[in-house]
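Protein chains in written order, with our numbering: chain G, 13 to 92; chain Y, 351 to 544.
Now the in silico label distances, taken between C-beta atoms and shown as ranges:
id, chain 1, residue 1, chain 2, residue 2, range
1, Y, H486, G, V85, 32 to 42 Å
2, Y, D465, G, V85, 44 to 54 Å
3, Y, A532, G, G32, 26 to 36 Å
4, Y, F386, G, K63, 45 to 55 Å
5, G, K63, Y, R495, 29 to 39 Å
6, Y, A508, G, D46, 45 to 55 Å
7, Y, T464, G, A37, 28 to 38 Å
8, G, D25, Y, D465, 30 to 40 Å
9, G, E43, Y, H486, 53 to 63 Å
10, G, P18, Y, L399, 15 to 25 Å
Just so you know, the hints here were simulated from the structure itself, not pulled from any lab data.
Even glycine gets a Cβ: it sits at the ideal position worked out from N, Cα and C.
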Amino acid sequence: MLIPCPWCGEREDNEFTYGGPAQVAYPSDPEAADDASWARYVFFRANPKGKLAERWVHSAGCRRWFNVVRDTVTHQITPA
Amino acid sequence: MIAEAVRRSPFAGYAERFAALSEATGGELTIRVLPFATQLNLRMDPKNLSLVQRISEVLGFGLPVTPNTVGAKGDRRALWLGPDEWLAVGPDGQQDELTQALTSAFNGALGSVTDVSANRTLLEIRGAKARELLAHGLAIDLDPRLFGPGRCAQTLLAKAQVIVERRDESGFVIYVRASFAAYVATWLLDALAE
Ligand SMILES: [Zn+2]
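Please construct the entire structure, taking both the sequences and the accompanying hints into account.
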């Protein structure tokens, strides 16, 4: 699988480290959030069959974090 | 009695085998351990154009802002490592002088200069067979149209993270972390056998 680093261009996936799903919203009022909503923020993730926004870091290259949208079925990647 | 500290290249133990190999290939491939170098990690904002200008003046050439390219003049060069990160390289012994000059060029702007001279060791791989040898362990395309002179990349050589710089048509320099030197040296010698 080739992953497009926004700086270095397409590189082999073994140069990258996965950072989990992207666009997970931080509690808007953290002081008021109860245990259940914290648990939801920290541990609960959608597990779609299809497009998923993800965080990746080009760990063996420029070491920058970025987002992409990857199709979990086809592995096809589109820029976030 | 105080023992004298002697610097020894992590590749020193392989120099003879590299030399023998150059002879065996009739010069089609030479691997040479390069002398110690001044290596400084530079972090700063490239959008600050007057800062880029001041840093370029210290370096003696334009700081490369295009990803994975190298700026160079004489024996000094700067490799793009990230959108706000470079590796400045020069002859050994200029560490303090260059650090001071770059730091004063910041003139209050945010940034950092860190001496990382002992982090990586430089190995030159040169000759008609150089590209073929490296292609055994590098996934990036070394075609001169994509990776010609003046290009650099941080990538994996076999399983070791390295910086690869193309110096000219047939010459590459790889920057290898000291602790990976033995692995890279034995990998190169092994790949040559193929
Ligand atoms: Zn990158």
